[in-house]
Amino acid sequence: MKIALTVLTIIWLTMPSFAGSRIKDIAFVQNSRDNQLIGYGLVIGLQGTGDSLRNSPFTEQSIRAMLENLGIASTNGRPRTRNVAAVIVTANLPPFAKSGSRIDINVASLGDATTLAGGTLVETPLRAANNKIYAVAQGGLIVSGFQASGQAEKISQGVPTSGRVPNGAIVEREVRQMSEDQKEFTFLLHNPDFSTAVAVVDSINAFTKETYGAALASEVDARSVIVKKPQKVTSTRFISQLERLSVETEAPARVLVDERTGTIVIGSEVKVSAVAVSHGALTVRVSELPTVSQPEAFSQGQTTTQPATIIEALPGDSALSLIEGVDLQTLVDGLNRMGAKPSDTIAILQAIKSAGALQAELVSQ
0 MKIALTVLTI IWLTMPSFAG SRIKDIAFVQ NSRDNQLIGY GLVIGLQGTG
50 DSLRNSPFTE QSIRAMLENL GIASTNGRPR TRNVAAVIVT ANLPPFAKSG
100 SRIDINVASL GDATTLAGGT LVETPLRAAN NKIYAVAQGG LIVSGFQASG
150 QAEKISQGVP TSGRVPNGAI VEREVRQMSE DQKEFTFLLH NPDFSTAVAV
200 VDSINAFTKE TYGAALASEV DARSVIVKKP QKVTSTRFIS QLERLSVETE
250 APARVLVDER TGTIVIGSEV KVSAVAVSHG ALTVRVSELP TVSQPEAFSQ
300 GQTTTQPATI IEALPGDSAL SLIEGVDLQT LVDGLNRMGA KPSDTIAILQ
350 AIKSAGALQA ELVSQ
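So for the sequence shown, numbering that gives the first Met the number 0 puts the first residue at 0; every next one is plus one.
These are computed hints drawn from the structure, not numbers from a lab. Since the structure is predicted, the reported quantities are computational estimates derived from the model, not experimental observations. Treat the hints with care, as some may be off.
Claimed, not checked - Computed cross-link-like contacts, EDC-like style, restricted to lysine to aspartate or glutamate with a CA-CA straight-line distance of at most 20 Å:
#1 K131 x E183
#2 K227 x E183
#3 K97 x D33
#4 K97 x E171
#5 K340 x E209
#6 K97 x D201
#7 K208 x D192
#8 K231 x E183
#9 K23 x E247
#10 K228 x E171
#11 K228 x E218
#12 K227 x D180
#13 K23 x E258
#14 K352 x D257
#15 K23 x D220
#16 K231 x D180
#17 K228 x E209
#18 K227 x D201
#19 K231 x D257
#20 K208 x E247
#21 K23 x D201
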């Protein structure tokens with residue numbers, strides 16, 4: 000008999016409605032962003048766990064091309080090695096990365112290799128969306144997963160066909176982010192909100208009026224804020240001054256439910272109107288009690304088993320509970336008093352939202 004245990008996780012924010020945050024924590028400069036890189040390469044040095052060349056013909060082609068580039072002829076015969084695997088290499092080029100700096104890379108198998116543990120990535124160019132090479136990757140892989148198998152059983156943990164190489168790529172080309180000739184900067188909010196955008200503008204203008212004698216910021220929409228750069232100050236120094244300014248942020252009322260994990264996250268701004276909730280389910284119990292039928296003596300019959308099924312339908316607890324209040328703690332206490340399970344809690348929240356009593360956005364994942 001298997002017993003499934005389900006744990007209800009409710010996370011709520013107990014901070015006040017308005018909390019001061021630095022601009023650098025809630026926004027970023029538009030040009031200072033990461034750039035995604037991708038490349039195709041080979042991992043060598045595997046202990047017979049690489050690609051089978053019959054099922055992965057691109058691995059054989061890559062091996063021949065690599066050997067020819069190294070001045071080794073490979074036209075005669077077919078390689079039979081299982082120590083090589085074709086992989087896709089990905090990386091994020093951080094902003095302001097200079098030529099010669101190192102970045103981390105992720106490596107994932109492209110063929111039918113069973114594990115990349117112990118392998119070494121050979122020199123792999125990494126390209127951006129414009130098809131230009133911005134970094135070159137190479138190094139030994141770190142694989143957290145493992146796999147072991149025998150004739151009758153196989154065990155695995157994690158993902159042995161992917162790994163990473165810390166500082167495994169060298170930046171070869173810089174991405175221009177900003178210049179001193181730039182007249183203005185655009186700050187983008189991580190969480191778009193009109194009230195927060197206006198608060199950012201007010202905070203920046205209060206600082207620039209006192210320091211530079213003019214209001215230099217203006218809001219564009221719920222995400223964008225444009226700031227003009229004053230004269231006689233570098234872009235780096237000016238942005239560093241703005242990033243340290245404090246802003247009163249406002250979070251929207253939102254409830255997030257994840258039915259797969261049973262996790263429920265409720266924001267501090269969530270309010271519930273008075274509502275009566277009755278949540279009960281019909282429990283159906285199915286019991287199998289087979290009976291054995293014995294033949295009479297000297298009848299030359301056979302012993303048979305006669306199926307017998309008993310089905311019981313039991314009504315669940317459907318008591319009417321009252322949930323009322325204006326804050327998050329009241330909602331959580333009401334659900335806990337009802338003894339609601341994760342699936343029941345999600346169903347109750349959805350029903351309260353449909354009834355118009357949940358004054359928040361309900362997001363299901």
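Report task. Compare the structure with the hints numbered earlier in the document and write down the numbers of the violated ones, lowest to highest. Result -> Failing hints, ascending: 1, 5, 6, 7, 10, 13 and 19.
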